[in-house]
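Residues per chain are reported as follows:
There are 2 protein chains.
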Amino acid sequence: MDNKAVAAIARSVRTLTIDAVQAANSGHPGMPMGMAELGALLYGEFMNHNPVDPGWANRDRFILSCGHGSMFLYSLLHLAGYDLPLEELKQFRQVGSRTPGHPEYGHTPGVETTTGPLGQGLANAVGMAIAEQMLAARFNTPEHTVVDHHTYVIVGDGCLMEGITSEASSLAGHLGLGKLIVFYDSNRISIEGSTELAFTEDVAARYRAYGWQVLPGDAYDPDQIRTLLAEAKADQRKPTLVILESEIGRGSPNKAGSHAVHGAALGDDEVAATKKAIGLDPGEMFYIDPEATAFFRTRREELTALQAEWRKTFDAWAGANPGLLAQWKEMVGGEYKDVLKDIGLPQYEKGKGVATRQASGKALQAIASMLPGVVGGSADLAPSNNTALPEYGDFTRDNRGGRTLHFGVRELAMAAIGNGMALHGGLRPFVATFLVFSDYLRPALRLSALMQVPVVYILTHDSFFVGEDGPTHQPIEHIAAMRAIPGLRVLRPADAEETGEAWLMALEHDGPTVLALTRQNLPTLEKADGEWKKAMRRGAYVVKESETEGRPELIVVATGSEVSLALEAVEAAGCDARVISMPSVELFRAQDAAYRSALLPEGVPVVTAEAGVAQGWDALAGSGDRIFSIERFGESGPGGDVAKALGFTAADLAELLRTI
Amino acid sequence: MDNKAVAAIARSVRTLTIDAVQAANSGHPGMPMGMAELGALLYGEFMNHNPVDPGWANRDRFILSCGHGSMFLYSLLHLAGYDLPLEELKQFRQVGSRTPGHPEYGHTPGVETTTGPLGQGLANAVGMAIAEQMLAARFNTPEHTVVDHHTYVIVGDGCLMEGITSEASSLAGHLGLGKLIVFYDSNRISIEGSTELAFTEDVAARYRAYGWQVLPGDAYDPDQIRTLLAEAKADQRKPTLVILESEIGRGSPNKAGSHAVHGAALGDDEVAATKKAIGLDPGEMFYIDPEATAFFRTRREELTALQAEWRKTFDAWAGANPGLLAQWKEMVGGEYKDVLKDIGLPQYEKGKGVATRQASGKALQAIASMLPGVVGGSADLAPSNNTALPEYGDFTRDNRGGRTLHFGVRELAMAAIGNGMALHGGLRPFVATFLVFSDYLRPALRLSALMQVPVVYILTHDSFFVGEDGPTHQPIEHIAAMRAIPGLRVLRPADAEETGEAWLMALEHDGPTVLALTRQNLPTLEKADGEWKKAMRRGAYVVKESETEGRPELIVVATGSEVSLALEAVEAAGCDARVISMPSVELFRAQDAAYRSALLPEGVPVVTAEAGVAQGWDALAGSGDRIFSIERFGESGPGGDVAKALGFTAADLAELLRTI
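Sequences listed follow chains A and D, in order. First residue of the first sequence: 82, per the numbering used here; consecutive thereafter. First residue of the second sequence: 82, per the numbering used here; consecutive thereafter.
Heads up, some of the hints might be wrong.
No distinction is drawn between identical chains; accordingly, a pair holds when it is met within one copy or between any pair of copies.
[Claimed, not checked] 20 Å max Cα-Cα, derived SDA-like pairs, lysine to any residue:
| id | residue 1 | residue 2 |
| --- | --- | --- |
| 1 | Lys725 | Gln175 |
| 2 | Lys357 | Leu668 |
| 3 | Lys433 | Ala609 |
| 4 | Lys725 | Leu668 |
| 5 | Lys314 | Gln103 |
| 6 | Lys314 | Glu612 |
| 7 | Lys171 | Gly720 |
Everything labelled a hint here was simulated from the structure, so no lab data went into it.
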C-alpha cells in the first residue's frame with residue numbers, strides 16, 4: 082500500500098476513535114491515536130487475513146494486549162470490512178453493542194482474545210505462536226504448506242511491567258518462536274504520569290536477554306516499519322520486539338503526549354480542535370477518509386484471493402494426504418468429540434489405593450494416544466502433577482512435533498498460553514500446577530471462564546493432605562474461590578474411576594475445567610449407583626445407599642478425598658446414611674428440582690464434607706453445624722497428623738454424624 | 082572468620098540437613114547442601130544480627146526466597162545460636178515443631194517472612210529495603226545513624242522464572258535500592274530436570290537491564306564471595322545480584338548435581354555415603370562440627386557487642402532528638418494506635434453522594450497527617466484509587482523521605498512489597514488497585530493473611546457499577562473469593578462515613594484488611610443505630626429500623642453500595658423492613674449468638690443484597706431465593722444500564738422483597 086493510504090486509514094482511526102469515545106464519554110483515545118499508522122499497516126498490508134471469513138484457519142493472528150485501546154481494533158475491523166457496521170462504533174461501550182469497553186472474544190468478529198487485564202494478551206499470543214508451530218509440524222508436508230502464519234501483538238508500557246509478560250517472553254525466547262512479532266507502543270506515559278515514575282528499565286536489553294530480536298523504530302515512519310517487519314520475519318529463530326517510539330493521543334493539538342489522553346474522552350473542544358488540525362469540519366462525525374474506504378475495498382478482494390489461493394493448496398494437500406485430512410478435521414474442525422467414546426480408560430481394582438493425580442496421569446496417556454490435539458504441560462511440577470507425555474516428545478526449539486511443554490515456574494503465563502493455544506484452534510491444551518498455586522494463575526483462569534475456552538487445569542495436591550510442605554502448600558480456600566468464578570467447571574473426583582470420567586467430562590465440555598486431584602492414595606470405591614458415570618455428569622450421585630433406600634436418616638455429601646473419609650465415618654458412626662459423591666457442585670446445582678430432591682429428599686438432614694472452607698456449602702447443609710470443613714490455615718506434618726491437628730479425621734466426622 | 086570455620090559450618094549445615102530430611106523422609110536437601118558455604122558466610126560474617134535478640138530493629142534482614150530449602154535456615158539459625166534447639170531440627174516437618182516444611186514468620190525466631198510460594202521472598206525483601214531507606218531518611222541525623230542495614234536474599238531458578246520477581250526487580254532497580262543484595266543459587270536444576278528445559282535466558286543481562294549490578298562468582302570460593310560482597314556494598318545506588326555457580330546437593334557423592342536431590346530425602350544409603358565422604362561415621366546423627374560450635378560461641382559475643390554499640394548510638398540519638406524518639410516509639414515501637422482516636426475524619430452532609438473511593442482518599446489524607454508511618458501507593462491507578470499523598474512527596478531514588486510509592490502496573494509485587502514493608506517494622510503500608518485485579522495479587526494477599534501482617538489493601542471499583550470498562554473490569558466473584566481466605570478481613574463500607582471508620586478499623590487491626598470501595602457516588606446515610614461506629618466493629622448494624630422495632634416483617638442485609646440500593650428498594654416495595662449494613666461478614670460471624678440474634682431475630686426472613694455471587698450468603702439468607710446476587714459476568718455500558726441488563730436495580734430488589 083502507498084503511504085497516502087496509510088495516512089488516510091490512520092486519520093480515519095483517529096476520527097472514529099475520538100468520536101466514539103466522546104459519544105460514550107468514556108474510553109481510552111490515547112493508544113488508538115498513537116498507533117493509528119501501525120494499525121493501517123497491519124490491517125492494510127502486513128496481515129494475511131480475510132475480513133469476510135474471520136475464522137480462516139491460516140490467518141495471521143493479531144492481539145491488542147493493551148485492550149483498553151479497543152477503538153484501535155474496532156476502527157480497523159470496521160475499515161477493513163469485518164462485520165462491524167459503523168452503527169456499532171457509534172454504540173461504543175453501550176450494553177448490547179459489539180463494541181464493549183475492552184475487546185471480547187466471541188463478541189466481535191476479528192477479536193482473537195479478550196484483553197484488558199494487562200499482559201495476558203501477549204501471553205495468549207505466545208500460546209497462539211506455539212499452536213501454529215505445533216500444527217505446522219503435524220500437518221505441513223514437503224509438498225504442501227497449510228499452516229504458516231504470524232502472530233502480531235501490540236503491547237504498552239503496562240503490559241511490559243506485568244510479571245506475566247516476563248514469564249511469557251522468557252519462554253517465547255527459550256522456544257525460539259520466530260513468527261511472533263510484538264510491537265511495543267513506547268509512548269512513555271502511564272496512568273499516573275510519565276513512565277519515569279516507575280518504569281526506567283532498559284526494555285531492549287531485557288528482551289535481548291530473553292533471546293529476542295529487538296528492533297527500534299519510529300511509529301510514524303511507515304517505510305521504516307516495513308523494513309523492521311522484514312527483519313523481524315527474516316529471523317525465524319527469535320521472536321521480535323519492535324520498539325516504536327510514539328506519542329500517546331497523537332493528533333490532539335493540546336493533549337497529545339500527556340496522560341490526560343490515556344483514559345478519558347478528549348472533551349468536545351479538543352475533539353473539535355483535533356478535527357480542525359487535520360482539516361476536518363468539527364461537525365463531521367465518525368468521519369472516514371474516502372481513500373481508506375477505497376483502499377480496503379480493493380484490499381478485501383486481494384485478501385479473498387489470498388485465502389482462495391490457500392484453499393487450493395489445502396485441497397491439493399487434502400487430496401494427497403487423506404490421513405492428515407482426517408486428523409485436521411478432528412483437531413482443527415473440532416470433531417475430536419466423536420472419538421471420546423472409544424477411549425479405553427484404565428481399569429482399577431476396587432478398594433485399592435490410587436492417588437487421583439496418578440489416575441489422571443494414566444487417563445491422560447490413554448486420551449493422548451487417541452486425541453493428537455491433546456498437548457500441554459506443567460509449571461515445573463510434571464513429576465508431581467503426573468502430566469508428562471513421554472511417548473510424544475517435548476515441544477522444543479528443535480522439535481515442534483513434541484506434545485509436552487515445559488512451562489517453567491511460570492503459572493500465570495502458562496494458563497494464559499493455554500488460553501492462547503485453545504483460542505488458536507486445533508489443540509486441546511492442558512496446564513498443571515499445585516492447586517494452592519491456582520492463586521498465581523487466577524487472572525488467566527478467570528479469562529478462561531469469561532471466554533469459555535476449553536483448557537483443562539490439572540491442579541493436584543488438593544488439600545492439607547499434602548502434609549509436610551505446610552500451610553503455604555495446603556489449599557484451604559481455593560476450591561471455594563474457584564467455584565465462585567462464573568462459568569468455571571470445577572471437578573473434584575473421589576477416586577481413580579471418577580478421575581477418568583472427569584477427564585472425559587472435561588473433553589466433552591466446550592469451556593474450561595479444573596480437575597482438583599489428590600496427592601495421597603484413595604481407595605477405588607464400590608458405587609451404589611450402577612449408572613454413576615451418567616449421574617456424575619449431573620454433578621452428584623449415590624455412592625452408598627442407606628438401608629431404607631428412599632428415606633435415609635442422614636445424607637453425607639462429600640467431594641474428592643472426603644468421599645472415602647465419609648464412608649469410613651458413616652461406618653464408624655453406625656448410622657444409616659446415604660453417601661453422595663458430588664464431584665461438581667455447579668453441575669448438581671444446575672439440575673432440575675426432581676434430580677436434586679431425588680438425591681437429597683426434603684427433610685433429611687444433610688452433612689457436607691470437604692477439606693476446605695465451609696463457604697458455599699450452607700446451601701446444601703442448611704446449617705453451619707452440619708458442614709465438616711476447615712476454617713484456618715493448615716500445619717506442616719505428615720497428612721494424617723495434620724488431619725488430627727485440624728480435627729479432620731474420619732473419627733471427627735463420625736462424631737459429628739452422631740450428633741445429628 | 083577463617084575459611085576453616087566456613088568449612089566447618091558448611092559441613093554442619095549439610096549433615097544437619099540430610100539427617101533432618103531423612104528423619105522426616107520429606108523435604109528438600111539440595112538447596113541447603115549447595116549453598117552451605119554462603120550460609121556460613123552470611124550468618125558467621127556478613128550479617129549484623131543478634132541471635133539473642135532477633136527483634137533488633139537495625140539487624141540485617143535475610144530472606145530465603147526459595148523457602149523449600151528451609152533446612153538451610155533452620156541449620157544456620159540453630160548453629161548461630163537462635164532459640165531453635167537441636168530437638169526442633171529433629172522434629173523437622175512434624176506438627177507442632179518450630180521447623181515446618183517451609184519457613185514461617187512468627188513461628189521460628191530469625192525467620193523474617195514466610196516463603197515457599199516462589200518469588201515472593203525477593204519481593205518481600207524489596208519491601209524491606211524500601212522500608213530501611215524510608216526509616217533511615219526519617220530518623221538518621223547528621224550526628225547519628227540509627228537505621229542502616231542491608232537486606233540479603235537467596236533466590237533459586239524458580240524464583241527468577243516467576244513474574245513477581247521481574248516486577249519487584251525492575252522496581253528495585255528503578256528505585257536504586259543499593260542495600261539490597263541478592264544471591265542467585267545458580268545450580269541449573271529445576272524439578273523437571275535441567276534448567277535447559279525451560280530457562281535459558283541470560284539472567285545477568287536481564288538484571289543489568291533492570292539497573293542492577295551483576296556479579297558472577299563461585300559458590301565454593303569464600304574469598305571470592307567476600308570480594309563480591311564488598312563490591313555489592315560499594316555500589317550504593319544499585320541493587321546487586323551475585324550469581325553463584327553452584328551444585329545442588331553438594332556433598333552427596335552420587336546425587337549431587339541432579340534433580341533427584343532437589344525435593345526428596347537422599348535415602349539411608351546416600352546419607353551414609355555423604356557422611357563417609359566427609360569422614361564421618363554414618364551412625365553419627367545430627368552431627369555438628371565442634372569448630373562450628375566454637376566459632377559461633379565467640380561470634381555471638383561479638384554480635385551482642387555490636388548491638389550494644391548500636392544501642393549506645395541510639396541512646397545518644399534519642400537524648401539529642403526527643404521528637405524523633407517519640408516518632409520512633411510510635412512507628413517502630415507500634416504505639417501509633419494511641420493516636421487513632423485523635424484523627425479527625427472528614428464530615429459528610431447526609432444524603433449527598435460521595436464515592437467511597439473518594440471518601441477513602443480523604444480519610445487517608447487525615448490519617449497520613451497524624452501517622453507518619455502510613456505510606457504506600459497504587460499499581461499505576463492512583464488517580465482512580467485516590468491514594469496519592471501529595472503533601473509528603475514521592476518515594477524515589479533521590480527522595481527517600483517521600484511517602485507515595487509508584488509501583489507501576491505490578492500488582493503482585495506491590496502486595497508482596499507491602500508485606501515486606503510491614504514485616505520490616507516501622508511502617509503501616511497500604512497498596513491499591515482495582516478490586517477486579519485482586520486476582521493478580523492474590524498469592525501475596527494469602528501470605529498477608531497467613532502471616533497476619535497489617536497491610537491495607539485499597540481495592541476500588543468494587544462491582545459491575547464500574548460500568549463501561551466491561552466484564553474484564555467488573556468484579557463479580559472477588560469479594561466472595563477474598564472472604565474465603567482465612568484470617569483476611571474484608572470491609573465493604575456503605576457510604577463515606579463508614580469508609581472513614583473502615584480505615585480506622587484497618588489501623589486498629591494487627592492483620593491485613595481489604596477495603597472494597599466504589600467508583601460511583603453513594604449517598605451518605607442516616608443511621609438508625611446511634612452507636613453505629615461501635616456496632617460496625619462487630620461487623621453489622623441497623624441502618625434503618627422497621628416500624629415494629631423488635632419484630633420486623635423482613636430484614637434486608639446488604640453491603641457497600643447495596644445498602645443504599647436496599648433502602649430504596651424497601652421504600653419502593655413498601656414493606657416494613659429492617660435494613661442492616663454488614664461491612665464485614667467475618668466480624669459479624671465472629672460475634673456471640675446474642676448479638677447476632679439481636680440483629681437477625683430467629684424466624685424473621687432475611688434477604689441479602691450484594692453485587693456479586695451468592696456464594697457464602699446462604700448461611701444468612703437460608704434460601705437461595707432470598708439472595709439478591711449476580712451469577713454471571715457483567716456487561717460493558719453505563720453502570721445504570723448494566724444494572725438493568727443484569728436485573729440488579731432497586732426495582733428488581735423491590736420485586737424480590739414483595740415476594741417474601
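Each hint tested on the structure:
Taking the closest pair of Cα atoms, Lys725 and Gln175 come within 20 Å of each other only across two copies (12 Å); inside a single copy the shortest separation is 55 Å, beyond that limit. Neither within a single protomer nor between protomers do Lys357 and Leu668 lie at most 20 Å apart by alpha-carbon distance, with minima of 58 Å and 59 Å respectively. Taking the shortest Cα distances, Lys433 and Ala609 sit within 20 Å of each other inside one copy (17 Å), while across copies they are farther apart (62 Å). Taking the closest pair of Cα atoms, Lys725 and Leu668 never come within 20 Å of each other, the shortest separation being 32 Å inside a single copy and 27 Å across copies.
Taking the shortest alpha-carbon separations for Lys314 and Gln103, neither the intra-copy value of 38 Å nor the inter-copy value of 54 Å comes in at or below 20 Å. Proximity of Lys314 and Glu612 under a CA criterion of 20 Å is satisfied in neither setting, with 56 Å inside one chain copy and 70 Å between copies. Taking the shortest Cα distances, Lys171 and Gly720 sit within 20 Å of each other only across copies (18 Å), while inside one copy they are farther apart (60 Å).
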